[in-house]
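**Q** Going line by line, the protein sequences match chains X and A.
Numbered according to this note's numbering, the first sequence terminates at residue 361, and the numbering increases by one at each position without gaps.
Numbered according to this note's numbering, the second sequence terminates at residue 361, and the numbering increases by one at each position without gaps.
Take the hints with a grain of salt, since some may be wrong.
No distinction is drawn between identical chains; accordingly, a pair holds when it is met within one copy or between any pair of copies.
When the alpha-carbon atoms are kept at most 27 Å apart in a straight line, the in silico BS3-like pairs for lysine-lysine are as follows [as the list claims (entries may be wrong)]:
1. 36 x 233
2. 323 x 298
3. 291 x 323
4. 64 x 220
Hints listed in this document are in silico derivations from the structure and should not be mistaken for laboratory results.
2 protein chains.
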Amino acid sequence: MNKVTIKDIAKESGVSTATVSRVLSNTGYASDEIKERVRKVARSLNYQPNAIARSLKIDRTNTIGVIIPDISNPYFMRISRGIEDTLQNENYYLLFVSGDENQKKERKMLRVLMEKRVDAIVLATSGGNDELINQINNSGVPIVLIDRKLQNDTGEIDSVVENNLEGAYQLTKQLIQQGHTNIGVINGSLKVSTGMERYIGYQKAMDEYCLGIESELIFNGNFIEDDGVKAITNFYKLDRKPTAILSFNNTMTFGAIIQLRKMGLTIPKDIVVASYGETEAAQLLESPSILHVKQLPYEIGVKVGKILIDRLINNIKGPTNQIFNPIIDISE
Amino acid sequence: MNKVTIKDIAKESGVSTATVSRVLSNTGYASDEIKERVRKVARSLNYQPNAIARSLKIDRTNTIGVIIPDISNPYFMRISRGIEDTLQNENYYLLFVSGDENQKKERKMLRVLMEKRVDAIVLATSGGNDELINQINNSGVPIVLIDRKLQNDTGEIDSVVENNLEGAYQLTKQLIQQGHTNIGVINGSLKVSTGMERYIGYQKAMDEYCLGIESELIFNGNFIEDDGVKAITNFYKLDRKPTAILSFNNTMTFGAIIQLRKMGLTIPKDIVVASYGETEAAQLLESPSILHVKQLPYEIGVKVGKILIDRLINNIKGPTNQIFNPIIDISE
Numbered sequence: 030m031n032k033v034t035i036k037d038i039a040k041e042s043g044v045s046t047a048t049v050s051r052v053l054s055n056t057g058y059a060s061d062e063i064k065e066r067v068r069k070v071a072r073s074l075n076y077q078p079n080a081i082a083r084s085l086k087i088d089r090t091n092t093i094g095v096i097i098p099d100i101s102n103p104y105f106m107r108i109s110r111g112i113e114d115t116l117q118n119e120n121y122y123l124l125f126v127s128g129d130e131n132q133k134k135e136r137k138m139l140r141v142l143m144e145k146r147v148d149a150i151v152l153a154t155s156g157g158n159d160e161l162i163n164q165i166n167n168s169g170v171p172i173v174l175i176d177r178k179l180q181n182d183t184g185e186i187d188s189v190v191e192n193n194l195e196g197a198y199q200l201t202k203q204l205i206q207q208g209h210t211n212i213g214v215i216n217g218s219l220k221v222s223t224g225m226e227r228y229i230g231y232q233k234a235m236d237e238y239c240l241g242i243e244s245e246l247i248f249n250g251n252f253i254e255d256d257g258v259k260a261i262t263n264f265y266k267l268d269r270k271p272t273a274i275l276s277f278n279n280t281m282t283f284g285a286i287i288q289l290r291k292m293g294l295t296i297p298k299d300i301v302v303a304s305y306g307e308t309e310a311a312q313l314l315e316s317p318s319i320l321h322v323k324q325l326p327y328e329i330g331v332k333v334g335k336i337l338i339d340r341l342i343n344n345i346k347g348p349t350n351q352i353f354n355p356i357i358d359i360s361e
Numbered sequence: 030m031n032k033v034t035i036k037d038i039a040k041e042s043g044v045s046t047a048t049v050s051r052v053l054s055n056t057g058y059a060s061d062e063i064k065e066r067v068r069k070v071a072r073s074l075n076y077q078p079n080a081i082a083r084s085l086k087i088d089r090t091n092t093i094g095v096i097i098p099d100i101s102n103p104y105f106m107r108i109s110r111g112i113e114d115t116l117q118n119e120n121y122y123l124l125f126v127s128g129d130e131n132q133k134k135e136r137k138m139l140r141v142l143m144e145k146r147v148d149a150i151v152l153a154t155s156g157g158n159d160e161l162i163n164q165i166n167n168s169g170v171p172i173v174l175i176d177r178k179l180q181n182d183t184g185e186i187d188s189v190v191e192n193n194l195e196g197a198y199q200l201t202k203q204l205i206q207q208g209h210t211n212i213g214v215i216n217g218s219l220k221v222s223t224g225m226e227r228y229i230g231y232q233k234a235m236d237e238y239c240l241g242i243e244s245e246l247i248f249n250g251n252f253i254e255d256d257g258v259k260a261i262t263n264f265y266k267l268d269r270k271p272t273a274i275l276s277f278n279n280t281m282t283f284g285a286i287i288q289l290r291k292m293g294l295t296i297p298k299d300i301v302v303a304s305y306g307e308t309e310a311a312q313l314l315e316s317p318s319i320l321h322v323k324q325l326p327y328e329i330g331v332k333v334g335k336i337l338i339d340r341l342i343n344n345i346k347g348p349t350n351q352i353f354n355p356i357i358d359i360s361e
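Bound-form chain X, shown alone (with noise of 0.2 Å):
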């Protein structure tokens, strides 16, 4: 059998192999010449893109596993609903296992993916796998990074992650220039690189207007709606209260917006919340602004989806490291 592939097209067509994934995915630019001319040559070689797939890799099991830290955060449903979609022509399946914001649990989990013989692995890591990850990503099951980078971070690995840095630069540097110096800030975990990242764009805006920061006035939390509850309640207790609140996740504000209405408390009248996420719930707040980092998972896991099918149809090589730049927005 002499089997077709992407190399034999683009060789043909004097184009890179690039192009004519581009070409025959139908994602990205090529000029409507070479689109023809790639095409004509894909008919007259008779390319099969399925058949080529399958015989580069028999084993193939058509299932993906998805790792996410909590599988009920909306933001995480959304990425995987744009991964599913892009991936559906393809025959593809998702499973999805839970990390739990908890690096043993993640471990067993990446175990249990392989033993399943998953053909690729999506994970928003928990922190602290490194190693292993590299490992499986390594040995010929790529992984893509979503949301959240390794630690040590070498860009070898494929990730579609925020600016997460500039987004809380900008989040905290809007409640600075309303007037707010007292600021609750609920930190997601720092062992997790977007944790890490939004706090230190909050410190750098606190720098640059030469605020200090004060302990007291940060909640060390685990992205979880229960650390919103606990922040608010923590803040509160405090002599010299906090007159905005800024949360590091969309479940953390919920659960911080939750506490404060059961406090009595009116948003923004009473205080002043901004976010890195949106909550769909804060719709139903009276006076429903908050100000929040706008994220886009459905378009990430589009992103995501088209990286797969480079990697596991089309045979293109990685590392793709995908940033989407923060969108700030004053009303849900």
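Since chain X is already given, all that's left is putting chain A on it; use the hints.
**A** Here is chain A on its own, set in the frame of chain X:
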């Protein structure tokens, strides 16, 4: 090798295998005297539950597939947490896949999980796959149905569900007793047992009070948030608008209250909302009084976990058909 089973222990102790299982798994009631006797026999026979379990089914993978129609619905996530917590000490892990309220997708996912050689499947069915489900359950991979029964329910498959008819009946009766006759109903899928049973419960209450059912006040949805939004939009186009909304699951309720809020309507001043299932976000409303059927998803998950331990480890045959009774609550 002479393998000790719980049957041997039951014989030796003079109690049933179910009692032995209860004692050894520390679940359910047994007198102190029986507990001591069973444990003594187990020790004397050198009973090793995990080793035995493995010997009974040597190709065990220690994974359980979970198919849920909407992976982002907090109700199913609470059930999953209950399962996971109960199975924690047994070293079992959950693999989640999404059925997407779609018969074809669910069918495909059942096959994918079988290919992954899961030891058991927990399923909230989207409907229409009775035959395949029975086939898998009879093939030795136990299925536990959660939330939803088969369309042709014979009770032969383990199930943990709610008394949906009674819950919806009580909820509707409450609305009628408050003086509402013009009730806008947001239905789930009638192909799914919960959707059908809740609708019948509503019909029963309407009949009891000799109230006719107007088709323009029935919106047939599919248990997703967007159905709640659409239903409200439709109801408010009617000449005779409903004075109360009756929504048959938590996510449709969320969509409905988001849409009511957008239209500037206040609950319960402008319109009363009743919901089968809680919506945590309703706490953010000015007056968060949503009449609702309280569900016990975590407790359902614990029950499912115990059934799985019986089937996979204690080798106790089923089926168990557990029904949770509704709790009506007038405040979220």
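**Q** Next step is simple, just say for each hint if it's right about the structure.
**A** Consistency of the hints with the structure:
1. 36 x 233: Neither: 47 Å inside a chain and 67 Å across chains, both beyond 27 Å.
2. 323 x 298: within (22 Å within a copy, 33 Å between copies)
3. 291 x 323: both (26 Å within a copy, 20 Å between copies)
4. 64 x 220: Answer is neither: 46 Å inside a copy and 46 Å across each miss the 27 Å cutoff.
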